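**Q** These are the residues of each chain, in order.
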Amino acid sequence: MNMSPGHWVRVVFLFLAVAVSLLSPAFSVAHAVLLESSPALKSSVSGPDVPLKLRFNVRIDAARSRLTLVDPEGTLQTLKIQGQDGPDTLSSAAKGLRPGTYRLRWQVLASDGHITRGEIPFTVVKS
Amino acid sequence: MARLLQIFGFLSVLLRGASLTFQSLTVGGVVFLCIILRKSSESFAEINASCLSWLRRFAMVLAAMQISYLVANSLILMESAQISLAEVSGANFVLAGALGIAASLTIVVLSTHPRAGSAGELLLPAAVILASSVLTSHAMARLEYRLLLVFATALHQLATAAWLGGLPFLLVAIRRASSPELARKLSARFSRLAVVSVAILASAGVILSFSYVGSLKAIYGTSYGAMVSTKAILFGLLLFLGALNFQLVRQREASSILASLKRFGEAEIGIGITVILVAASLTSLPPAVDLLQDRVPASEVFARMTPRLPGFSSPAMKDLPEDIYAAQKMAFEVGSLSTESFVPGQSGTRLNTPAEKAWSEYNHHWAGIIVLSVGLLALLAQAGKISWARNWPLLFLGLSVFLFLRSDPEVWPLGPNGFWVTFADPEVLVHRIFAGLVIALAVFEWRVQTGRASSNVRLVFPMLVAVSGALLLTHSHSLGNIKEEVLAELSHIPLAVLAVMAGWSRWLELRLPAENHTRAWLARLWPVCITLIGVFLLNYREM
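These protein sequence lines are chains P and B, in that order.
Take the first sequence: its letter number 93 is residue 93 in the working numbering, and every next letter is one higher.
So the number in the working numbering is just where the residue sits in the second sequence, counting from 1, plus 127.
Calculated from the structure, these hints are not laboratory results.
Quantities reported herein were computed from a predicted structural model and do not represent experimental measurements.
Keep in mind that a hint or two might mislead.
[Said to hold, decoys possible] Chain B regions said to be covered by chain P (calculated; three or more residues, Cβ under 8 Å):
{"no.": "1", "segment": "208-220"}
{"no.": "2", "segment": "267-278"}
[Unchecked claim] For lysine to any residue, the following SDA-like pairs were computed, each having C-alpha atoms within a straight-line distance of at most 20 Å:
{"no.": "3", "chain 1": "B", "residue 1": "445", "chain 2": "B", "residue 2": "545"}
{"no.": "4", "chain 1": "P", "residue 1": "80", "chain 2": "B", "residue 2": "208"}
{"no.": "5", "chain 1": "P", "residue 1": "80", "chain 2": "B", "residue 2": "428"}
{"no.": "6", "chain 1": "B", "residue 1": "344", "chain 2": "B", "residue 2": "428"}
{"no.": "7", "chain 1": "P", "residue 1": "80", "chain 2": "B", "residue 2": "205"}
{"no.": "8", "chain 1": "B", "residue 1": "484", "chain 2": "B", "residue 2": "344"}
{"no.": "9", "chain 1": "P", "residue 1": "53", "chain 2": "P", "residue 2": "95"}
{"no.": "10", "chain 1": "P", "residue 1": "80", "chain 2": "B", "residue 2": "209"}
Note that the Cβ used here is the ideal one computed from N, Cα and C, for glycine as well.
Next up, chain P with everything else stripped away, as it sits in the complex (with noise of 0.2 Å):
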């Protein structure tokens, strides 16, 4: 088949389109970041009872988001979001835990539809 240039043109086009919007791995749709979290990254807090603080750097919708709780022995409990003191934070509490190394799972849904999430270890302490 003989092409046209001008079909040439739309074809070359059509393929930098699709190539360059379909081919290229960078648009990881995320941005919700963890500015700081209560207990901190691999820091030591005294137990039994913790309470848990995640501030985020941009609006969060909390009724979609998600905590759990790794505990030494690797079993996950999913822990209730409390309501949020602002609208980048999540809080909730962690209950009755005893001395050993832990990790908070969470993935949250920023407002713009973007899912994060990440992994905050520390361990706790006799009080």
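For chain P, the structure is supplied; the task is to place chain B on it using the hints.
**A** Chain B in isolation, oriented as in the chain P frame:
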């Protein structure tokens, strides 16, 4: 399930980029119909019909992308947060997405059955598409100055659409115009719209940059700042082309400028799509103002970029981590990752070992030798001094084999991970596609240079070079502000910008009519850009 999440995560990312591109084309088309073709008369009938037909296609693709994105993102959320469809359906991004889809489909319907003088009816759905996009932008999630940022984002996206999204419609209009005079008139109208759009785009861009970048140090010290600077450089290139167009429209006779106008328009569309993709990749990064730790100081940037003799000794395979994926997973498990935030499907970012860095530098330096040779031979070939120099594209075959073998040492054929891993890891997949593209580039351009190919095939080389540049600009980013990541990004940006320039200057050299004098220096520009890419690659460092 993790693999499924990874695939969906990757898919949603791709769809987001495609949605932004087609959003600009759709909204740009509506603006073109309403402003440039505003006084409907007989002479516009054919142009109108043609533009409406393109608008319908763009809006259909946009709706398809929006639907797919919504489905993918909802599935990720349902699966990763273990929540029901009913809960997901109340999320802001679902409501905004539904609005956008309805508006896109409305444009499809209205442009399929247009009534005389009904272009204005398209404005409302176009505004809704913009609103739906702004509702899922950085601005909506900000804590401070939200209203101002929402307003600036809306203006920024509208102006981008009016200018860059309107360009393809200008090309359609010029092609369909009944006389050169009419084509010139439409081009002059578009030029005025473009000037206003550029002013709005730049003003809103400055406001957004101040809010999201915050300081001069963040421009070079963070990925976000570096990408904003890249956008500004590409914007400068577009302005330069726009100025050439503007001059043509004002100074020359209508019949002599149309071919040049169309060709400049093509390059503007290509660079424009690249800018939109850079913008899309910015939405994946946290704004620089939010990342105050681990910024790269000027002294480190300077030290990394200072010219030094390239090294050509590679570490042995046994010095690399046995299984890079396992190392990554382990780093995550023990909490030694340097970032605490990542997206579902990603496993976080691990710092490369010295051996991995040396491996990568070796790759870049050899690639530099090949690309530098290509650039210099192409310069000689263009000058017509040495006849065998025109075989320069064959050097790319060596580059392709080199890339295939050494880009991802953990994967087949060198590493323990099998061939199919190629398709599961986006980064490996992109590297492999690159190697394939380089072979295509070598074969096509060698046939062109040695007179074996038809004239149409000439466009493959500039297109592939430009696409490679665009891909490099949207290469993977990290959510955290890891210094190494930023420094790597700063090293890649000049390569990408030079590739975009090389691709489009070669394109224009081939496409501009013989009487356009710009061709002469464009013919020298692209080999110089390729030579410079070689020089930058030779100075590439990760340590």
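**Q** Look at each hint and say if it fits the structure.
**A** Hint by hint, here is what the structure shows:
Judged by the Cβ-Cβ criterion of 8 Å, the segment 208-220 of chain B is covered by chain P as claimed, because 9 of its residues qualify and three suffice. For the segment 267-278 of chain B, the stated coverage by chain P is satisfied: 4 residues place a CB nearer than 8 Å to a CB of that chain, which reaches the threshold of 3. Between residue 445 of chain B and residue 545 of chain B the CA atoms are separated by roughly 18 Å; this keeps the pair inside 20 Å, and the hint holds. Distance hint between residue 80 of chain P and residue 208 of chain B is fulfilled; the C-alpha atoms sit about 13 Å from each other, no more than 20 Å.
In summary, the hint linking residue 80 of chain P to residue 428 of chain B is not supported, as the alpha carbons are separated by about 45 Å, beyond the 20 Å threshold. Restraint check for residue 344 of chain B and residue 428 of chain B: satisfied, since their Cα atoms lie roughly 11 Å apart, inside the 20 Å limit. The suggested pairing of residue 80 of chain P with residue 205 of chain B holds, with an alpha-carbon distance near 17 Å, which does not exceed 20 Å. With a C-alpha separation of about 26 Å, the suggested pair residue 484 of chain B and residue 344 of chain B falls outside the 20 Å cut-off, and the hint is violated.
About 14 Å separates the Cα atoms of residue 53 of chain P and residue 95 of chain P, which keeps this hinted pair within 20 Å; it holds. Pair hint residue 80 of chain P plus residue 209 of chain B holds up; C-alpha atoms about 14 Å apart against a cutoff of 20 Å.
Violated hints, in rising order: 5, 8; the structure is consistent with all others.
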